[in-house]
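Order-wise, the sequence lines are chains A and B. Take the first sequence: its position 246, counting from 1, is numbered 246 in our numbering, and each next residue is one higher. Take the second sequence: its position 184, counting from 1, is numbered 184 in our numbering, and each next residue is one higher.
Derived by calculation from the structure, the hints in this document are not laboratory data. Treat each hint with caution, since some may be false.
[Said to hold, decoys possible] Derived lysine-lysine pairs resembling DSSO-like cross-links, with alpha carbons at most 27 Å apart:
#1 K105/A - K171/B
#2 K105/B - K171/A
#3 K105/A - K290/B
Here are the chains, one letter per residue:
There are 2 protein chains.
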Amino acid sequence: MSTFDLSGYLLRNRKLIDEALINVFDELDPQRELVQAMMHSLMAGGKRVRPALALATAHALGADPLIALPASCAIEMIHTYSLIHDDLPGMDDDDLRRGVPTCHKQFSEATAILAGDGLLTHAFHILAAPGSCFKVFPDAETRLILVKKISAAAGINGMVEGQMLDMQAEKKPEDLPADSADALAHLKKIHRHKTGAMIEVSVASGAISAGANKEALNALGTYAQNIGLAFQVMDDILNVEGDPKVMGKAVGTDALHDKMTFPALLGLEGSKDFSKQLVANALAALDSYKEKEFKEKSEPLRAIAGYIINRNR
Amino acid sequence: MSTFDLSGYLLRNRKLIDEALINVFDELDPQRELVQAMMHSLMAGGKRVRPALALATAHALGADPLIALPASCAIEMIHTYSLIHDDLPGMDDDDLRRGVPTCHKQFSEATAILAGDGLLTHAFHILAAPGSCFKVFPDAETRLILVKKISAAAGINGMVEGQMLDMQAEKKPEDLPADSADALAHLKKIHRHKTGAMIEVSVASGAISAGANKEALNALGTYAQNIGLAFQVMDDILNVEGDPKVMGKAVGTDALHDKMTFPALLGLEGSKDFSKQLVANALAALDSYKEKEFKEKSEPLRAIAGYIINRNR
Numbered sequence: 001m002s003t004f005d006l007s008g009y010l011l012r013n014r015k016l017i018d019e020a021l022i023n024v025f026d027e028l029d030p031q032r033e034l035v036q037a038m039m040h041s042l043m044a045g046g047k048r049v050r051p052a053l054a055l056a057t058a059h060a061l062g063a064d065p066l067i068a069l070p071a072s073c074a075i076e077m078i079h080t081y082s083l084i085h086d087d088l089p090g091m092d093d094d095d096l097r098r099g100v101p102t103c104h105k106q107f108s109e110a111t112a113i114l115a116g117d118g119l120l121t122h123a124f125h126i127l128a129a130p131g132s133c134f135k136v137f138p139d140a141e142t143r144l145i146l147v148k149k150i151s152a153a154a155g156i157n158g159m160v161e162g163q164m165l166d167m168q169a170e171k172k173p174e175d176l177p178a179d180s181a182d183a184l185a186h187l188k189k190i191h192r193h194k195t196g197a198m199i200e201v202s203v204a205s206g207a208i209s210a211g212a213n214k215e216a217l218n219a220l221g222t223y224a225q226n227i228g229l230a231f232q233v234m235d236d237i238l239n240v241e242g243d244p245k246v247m248g249k250a251v252g253t254d255a256l257h258d259k260m261t262f263p264a265l266l267g268l269e270g271s272k273d274f275s276k277q278l279v280a281n282a283l284a285a286l287d288s289y290k291e292k293e294f295k296e297k298s299e300p301l302r303a304i305a306g307y308i309i310n311r312n313r
Numbered sequence: 001m002s003t004f005d006l007s008g009y010l011l012r013n014r015k016l017i018d019e020a021l022i023n024v025f026d027e028l029d030p031q032r033e034l035v036q037a038m039m040h041s042l043m044a045g046g047k048r049v050r051p052a053l054a055l056a057t058a059h060a061l062g063a064d065p066l067i068a069l070p071a072s073c074a075i076e077m078i079h080t081y082s083l084i085h086d087d088l089p090g091m092d093d094d095d096l097r098r099g100v101p102t103c104h105k106q107f108s109e110a111t112a113i114l115a116g117d118g119l120l121t122h123a124f125h126i127l128a129a130p131g132s133c134f135k136v137f138p139d140a141e142t143r144l145i146l147v148k149k150i151s152a153a154a155g156i157n158g159m160v161e162g163q164m165l166d167m168q169a170e171k172k173p174e175d176l177p178a179d180s181a182d183a184l185a186h187l188k189k190i191h192r193h194k195t196g197a198m199i200e201v202s203v204a205s206g207a208i209s210a211g212a213n214k215e216a217l218n219a220l221g222t223y224a225q226n227i228g229l230a231f232q233v234m235d236d237i238l239n240v241e242g243d244p245k246v247m248g249k250a251v252g253t254d255a256l257h258d259k260m261t262f263p264a265l266l267g268l269e270g271s272k273d274f275s276k277q278l279v280a281n282a283l284a285a286l287d288s289y290k291e292k293e294f295k296e297k298s299e300p301l302r303a304i305a306g307y308i309i310n311r312n313r
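Start from the sequences and build out the full structure, keeping to the hints where you can.
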């Protein structure tokens, strides 16, 4: 059993990313409503799982984790924009997120749309021009690769399409596959797009920022695919048996809306077994990369994989 | 008087950009609702002024205009996303745009939000990875500069902030400057952000793609600032005296909503004089750049400046 102090590690990383995000927006006039709306959602207590993955990946490859900080900020800004737009009345119409009012509730619908647009646009600006916000950052060629990978993961063949698929599954359940194997494949496809792509690109961005070789990219890619899916399986499990006070949002909503979820398709125990199998696959992928110091330095990545299926929110 | 055939030139450019945009999305499954929604708005008969400016700028500097095509597509995709989000019920709540149903009317509000998000994200993807969609494209270093400039123009210190300022001016007219000089300065600030920044970056992207020197960038920057403002002054004039059939949208709406506009502050004749002065400034800026062949090759740019205040839609 590892003695690695994951909660201390996550706390230090969270501080790093919070400070970096504040730096990014520090030059802007805090009286501007747009700035307030972006900061409201950026600082609403996110778990910062994606940035932690990017920083831990850079560390695992022997690089200064700070080299992955610009991509970490960009990814967290994109994640936050997606939550703001997802919560809009025209989408999921949610009033609360992480226990605080959603952006359109706190400000206005128009402001929330623009705050989301602003975060998404500024994420790419940060990658192109990290400037004085960051002590170190990858060279120009690497940053262009980050723009390419992150825009692919966030966009029309990644997260945005995942939102569409998720919405269509909820609005037209009669179009979903009746066969349970097909339904499971379709559910995996939704989540691979909706959440998996951004989790995968978090790991990839850490690796690319650190100048990873192809073998490392492959091993880390398999790790990321597995924990990305495990993350979503666990989200579905928490919607069944999580504590709404700890989660900061309602539970039981999936069953109420007869939503296609892993517990609905595999049962609660089946889903737990599946999430454990996915984490085991992720750890095996890390084991496959035999670089000398990687085993020790990848300890945070291993701990995060465990955290993903043991978290309570 | 120039004998330059602007309408033929704009038609050829429009064909170029339409074909390029179709190429960009050609690999995607046309059955996907997200793809349909993006194409619906992209192909809804836009004037393609911004791409024309980028292509004409590259031509003026002696480059193959096609080198500016990736940036032109990215800018038109960003322009289109901004219209989709601007038309949403939570923003301007418009049913028609260019005579066809707006994206959320044709599809759904959620689809329109995601189609806008998808276009914005894919614009940066095209810049980072133009790939097989384009015969020629700028080198990686130049493309990273394009990501930087275009994200700055489109984002929280450019177009997105312009939308905020515009919305605040409409919703809280009591907060606007009472003094007419201050009101005019504020109106210019709104438009410099809302439309000026993207028009300026269209010209700048053509210049950067063509490898412009500093002197050319300066002259073209002044040209772009002036026509950007002239464009908005003319939009306000057309809202007073345009033909709704030609425009594909209602006119007289600004006066009806007591909106702060150039005609409201300067009068109709004063606004026309102002727009002519701005175009004269733009042409003078072009004259200031003395490179041998620029005078002849900048003819399309000069003609576009004239078109901006002589158009009827």
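To see whether the hints hold, each was checked on the structure:
1. A hinted pair counts as satisfied when its Cα atoms are at most 27 Å apart, and K105/A with K171/B qualifies at roughly 17 Å.
2. The straight-line distance between the Cα atoms of K105/B and K171/A is roughly 17 Å, inside the 27 Å bound, and the hint therefore holds.
3. The straight-line distance between the Cα atoms of K105/A and K290/B is roughly 55 Å, outside the 27 Å bound, and the hint therefore fails.
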